[in-house]
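Student: Take the given structure of chain A and dock chain B to it, following the hints.
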Amino acid sequence: MPRLSVWFIRTALLNLGIGFLLGAVLLANKGVYLHVPVQRLLPMHGEALLIGGMVQFAMGVAFWMLPRFRSGPERGAEGWGWLAYLLINGGVILAGSATLLNLSPLTSSLGRAAELLGAASFGGSIWRRIKPFDLT
Amino acid sequence: MACLLLALALGILIEAPPLPGVPSQISVLFPTWLHLLVVGWLTQLIFGVAHWMFPRSSAEHPRGSERLGWATFGLLNAGLLFRVIGEPMVSFGAGGGWLLVVAALLQLGAGLAFVANTWPRVKGR
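So the protein sequences, as listed, match chains A and B.
Those letters in the first sequence? Residues 1 to 136, per my numbering, in order.
Those letters in the second sequence? Residues 1 to 125, per my numbering, in order.
Please keep in mind that the hints were generated in silico from the structure rather than gathered at the bench.
Model, not experiment: these values are computed from the prediction.
The beta-carbon is built from N, C-alpha and C at its ideal position, and this holds for glycine as well.
One should not assume that every hint holds.
Residues on chain A that point at chain B, a partial pick, calculated with CB under 8 Å [what the hints assert, rightly or not]: (1) 9; (2) 17; (3) 23; (4) 32; (5) 36.
Chain A on its own, in the form it takes in the complex:
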């Protein structure tokens, strides 16, 4: 497994752990009132699980498993993938913590913009690897 995939997937696992923990607090709070500020935890729960967990997990596996090039760097320009890693995780932190820490709504928008750029950067890094198998 390439190093970038290891970073993507391990960070996704950490996000899954955080997301499951926040989800457990929110669900238990629905059953027995725990005085938890639900509206402030909910965005971080969703952000950690969906973008930080699942999207990042899928990116790590895709970078690892998509068809490789026969000549040159076998997985193409890794720089775009590393940029995606930084943007996605910066975006998750900004978008998830904006409500949690009562920050300006602009923080959340910046986080979402970073996630968008991260997804575009990742798309660019794998685009040419999405191709039929060369059977010759």
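Tutor: For chain B alone, kept in the frame of chain A given last:
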């Protein structure tokens, strides 16, 4: 797949015009629908494929601890079952709050068990 089918069936009930015998506040089950879809189907699909395809943990235990793998499966689905029973009860004021606490603990256990079992298998060549 069972969770996907359940979620899609519940989605029909939530979106449908009021039916005889179905409480009109059925839309409060939106979180149940969402979690059946995202946790019961999507997360479980990811967990299953990762358990199958990730690099070997070791020659003796290629998929890590099988016991922890089965614990993840059992805890996740038991947690979902408690949620599917408890959330309508709480939403319709029929008690059952403790079911949601149990569901929360079971699903948290599942998430942590998956992370613990998968972490050593995420490694470079």
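Student: Indicate, hint by hint, whether the structure satisfies it.
Tutor: Quick rundown of the hints versus the structure:
{"no.": "1", "hint": "9", "verdict": "holds, 5 Å"}
{"no.": "2", "hint": "17", "verdict": "holds, 5 Å"}
{"no.": "3", "hint": "23", "verdict": "holds, 7 Å"}
{"no.": "4", "hint": "32", "verdict": "holds, 5 Å"}
{"no.": "5", "hint": "36", "verdict": "violated, 11 Å"}
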